[in-house]
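K.L.:
Each protein sequence line maps, in turn, to chains S and V.
The opening residue of the first sequence carries number 13 in the working numbering; numbering runs sequentially from there.
The opening residue of the second sequence carries number 5 in the working numbering; numbering runs sequentially from there.
Just so you know, these hints were derived from the structure itself, not from any lab.
A hint or two may mislead.
[Unchecked claim] Distance condition first, Cα-Cα at most 27 Å in a straight line; then the derived DSS-like pairs of lysine-lysine: (1) K80(S) with K93(S); (2) K75(V) with K18(V); (3) K87(V) with K18(V); (4) K61(V) with K13(V); (5) K13(V) with K93(S); (6) K75(V) with K104(S); (7) K87(V) with K13(V); (8) K61(V) with K104(S); (9) K104(S) with K69(S).
[As the list claims (entries may be wrong)] Listed next, the stretches of chain V that the computed footprint assigns to chain S, with coverage defined by at least 3 CB atoms under 8 Å from CB atoms of chain S: (10) 40 to 49; (11) 102 to 112.
By construction, the Cβ of each residue, glycine as well, lies at the ideal position given by its N, Cα and C atoms.
This is what each chain is made of:
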Amino acid sequence: GQNIDQPTEMTATEGAIVQINCTYQTSGFNGLFWYQQHAGEAPTFLSYNVLDGLEEKGRFSSFLSRSKGYSYLLLKELQMKDSASYLCAVKKAGGSYIPTFGRGTSLIVHP
Amino acid sequence: DGGITQSPKYLFRKEGQNVTLSCEQNLNHDAMYWYRQDPGQGLRLIYYSQIVNDFQKGDIAEGYSVSREKKESFPLTVTSAQKNPTAFYLCASREGANQETQYFGPGTRLLVL
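Please model the complete structure; the sequences and the hints are all you need to start from.
P.N.:
Structure representation (structure tokens):
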């Protein structure tokens, strides 16, 4: 099976930087997704990391360490619209292409 | 505009009733998925289909059924055997062949009367 852990809730201030961590235990790891989901809406794709290291996309960056079973999503220059749930999902190697999702981290950005 | 549509946005079910949730995509994606989302829980896979006329059970298939008669459509039926159907249901699709990313529809919220 797979264990995926991420904090339930985080709060941060507008304009600040926040790091959302995700740890996982799985056999045959292939890659790790981050999705953003606003309340009552569809998850939207943010990133997919396969190799170790940091990938930057504008205000959002995602980091992966395969040896440590660890990833984080870094959000810079926080805006109120960044208040959402952030879902970490792990994909195993093999042909099923089905990721396993963590419970999500609810981020609240306040003024 | 290409995308995934789900209907209805809200659906009410009476005790003992079967209801069907619609999922349509015009992205020409091969694979389609149904997930259930409950408060405080991650997305849980109900059924998935990698190709037309074929589908597989996910982790929580009991009380649900699907069909995949057309590439663009993957309806989910919540049967009376599903005793706790109140949840947010999300449909997703994936292009296929080595494309990893799933794209999600807007969801259907199912409530029991």
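K.L.:
Against this structure, judge whether each hint is valid.
P.N.:
Hint check results:
no., hint, verdict
1, K80(S) with K93(S), "31 Å, violated"
2, K75(V) with K18(V), "30 Å, violated"
3, K87(V) with K18(V), "11 Å, holds"
4, K61(V) with K13(V), "24 Å, holds"
5, K13(V) with K93(S), "23 Å, holds"
6, K75(V) with K104(S), "25 Å, holds"
7, K87(V) with K13(V), "21 Å, holds"
8, K61(V) with K104(S), "18 Å, holds"
9, K104(S) with K69(S), "24 Å, holds"
10, 40 to 49, "holds (count 6)"
11, 102 to 112, "holds (count 8)"
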